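Sequences and hints are given; from them, build the entire structure.
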Amino acid sequence: MKSLKDELRVAVVTTHPPSMGTLNEYGFHFVKALRQKPEVKELILLVEELPDNQQYNFDDGGAPVSIRQCWRFNALNNATRILSAVRQVKPDVVLFNLQFATFGSGKAAAAIGLTAPALVKAAGYPTVVLLHNIMETVDLDSAGFANSRLMSGLIRAFGNVTTRLLLRADLVALTIPKYVEILERKYGAENVILAPHGTFETPPMPEFELPEGPMRIMTFGKFGTYKKVEELIEATDMLRSNGHPNVELVVAGSDSPNTPGYLENTAQAYEDVGGVTFTGYVPEEEVPRIFEESAVVVFPYTSTTGSSGVLHQAGSYGKAVVLPNIGDLSELITEEGYAGEFFEPGSAVSLREAIARVLDDPERRVQMGRQNYLASCGLPIADVVDWYLLHMQELIKDKEG
Amino acid sequence: MVIGEMKLEGIDILTLEGRFDAHTVPAASKWLEEVTAKLPPQIVVNMEDVNFVDSAGLATLVKGMKRSRELDGNLVIFGLQQPVKIIFELTRLDKAIDIFDNEDDAVASFSQAYVDVN
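Residue numbers (this note's numbering), protein chains in the order written: chain A, 1 to 401; chain B, 1 to 118.
These aren't lab readings, by the way, just hints derived from the structure by calculation. Since we're looking at a predicted model, the values are computed, not measured. Among these hints, one or two may not hold up.
Unchecked claim - A few chain B residues facing chain A, derived, Cβ under 8 Å:
1. Val62
2. Lys63
3. Pro83
4. Ala96
Stated by the list, open to error - Chain A is faced by these chain B residues, among others (derived, beta-carbon under 7 Å):
5. Ala22
6. Asp54
7. Leu90
8. Arg92
All C-beta atoms in this analysis are idealised placements derived from N, C-alpha and C, irrespective of residue type, glycine included.
The structure is reproduced here in structure tokens:
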């Protein structure tokens, strides 16, 4: 049996409330969970400097926390200050909770700050980086980092260098399998691992039975680019005239910014079809009702970029879903634990049949809803922290020989 | 799903089958909770017929292993199919959990641990 160090002094470089820095909420929940673990003897937070009128506060629950305010957003000397703080507190292991802009909005400050894990590792401390994004998947234009192709290319070149520096850590944990694959392939990295993001709270158990009244088919999102509702309206029309007269369609959401007027034009084109409601923009407080009243949530997508936030939402409300049979979407959602009925995109008949399979089998509909609810609950962050502790203990054991 | 349990030389053996995910972990979790109430927990998990494991399944095994080790026992597994083995490697939990090729080696690891300690 492997014997592991069970009284750890863990240093965490992170943002944490009341700091408003990115990942502060993740830092808060991660630290909270870490403090509850019996193998953590002490937690040392290496955090951002706060203004004079603010302070970091921790209750008495769990392992004691000590604070070192040792870096400042956009400062150029963060890496050396963090190294100095680590040398003073001498932890057993250092965890960095990072994304590419953790240490600054300026390119130089952001990049220099990210050399900290390499410096700490070089100083002999076991070092784990939890990296929330990778440069390869960031849309620099959309993110506002680059306004020209030249600038975009330069930033990517710096990003490659910075990524290589981050990979000098003992272990780099990523939250998405695709990220692991990219870093392994592009950089030949052998120290990258998958560690799920973890959920902060579990959604409450939904009602799986439907309210009285019509059976509502619902689609949710911003429409007009790759989310199109024409076939869904046609499928609904076919259902209504073929054995499902009480079916209604709710198109919840607005136009994609790239296709203004799409929904209005579509509504006009299909004004003769009964039982279709266009809600327009759905305010946050109305979202639960829209989902709860639905018998099935449909994803009328013509292409996808992977898993969907709406799918997660549908799951949290315990809903059955109907999805297009595109690329590896089926495999992706299955891997995430979801279940759905699939249709062939481009075929309103196939879509009608998929929806009917859900509506005609209440037992199956409820079973899918339950499965999707469980999938949306994900893995609690406390369980994810257990994985990190195991990795930390392994690193320490390896260092100690 | 959990398809069986047995006891061999004071070791509890749990046999899983099919998908070990959020929908099937409750039964395994309940079993592990009961077994780790005995001291010291010595647990072998047979995964020969498991073709998929998700993060919830992995977390269940990690929790069982942590709980067992806290009580001076252990949880070991054997018989990983290739797709499942890849998940363990991707998460590097193959470095943290003792994994064996077959049941004999998994069971023998406990007598080896006994020899090591004494």
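Here's how the hints hold up against the structure:
1. Hint on Val62 (chain B) holds. Least Cβ distance to chain A is approximately 5 Å, under the 8 Å limit.
2. This hint holds: Lys63 (chain B) has a C-beta 7 Å from the nearest C-beta of chain A, less than the 8 Å allowed.
3. Proximity of Pro83 (chain B) to chain A is violated relative to the hint, the smallest CB-CB distance being about 11 Å (cut-off 8 Å).
4. At a threshold of 8 Å, the smallest CB-CB gap from Ala96 (chain B) to chain A is about 4 Å, leaving the interface hint in force.
5. Against a cut-off of 7 Å between C-beta atoms, the interface hint on Ala22 (chain B) holds, since the closest Cβ of chain A lies about 4 Å away.
6. Hint status for Asp54 (chain B) relative to chain A: holds, with the closest Cβ pair at about 6 Å, below 7 Å.
7. Contact between Leu90 (chain B) and chain A, as hinted, is supported at the beta carbon level, the nearest pair being about 5 Å apart and thus within 7 Å.
8. The beta carbon of Arg92 (chain B) comes within 4 Å of a beta carbon in chain A, closer than 7 Å, and the hint placing it at the interface holds.
Comparing the model with each numbered hint stated earlier shows that hint 3 is the single one that does not hold.
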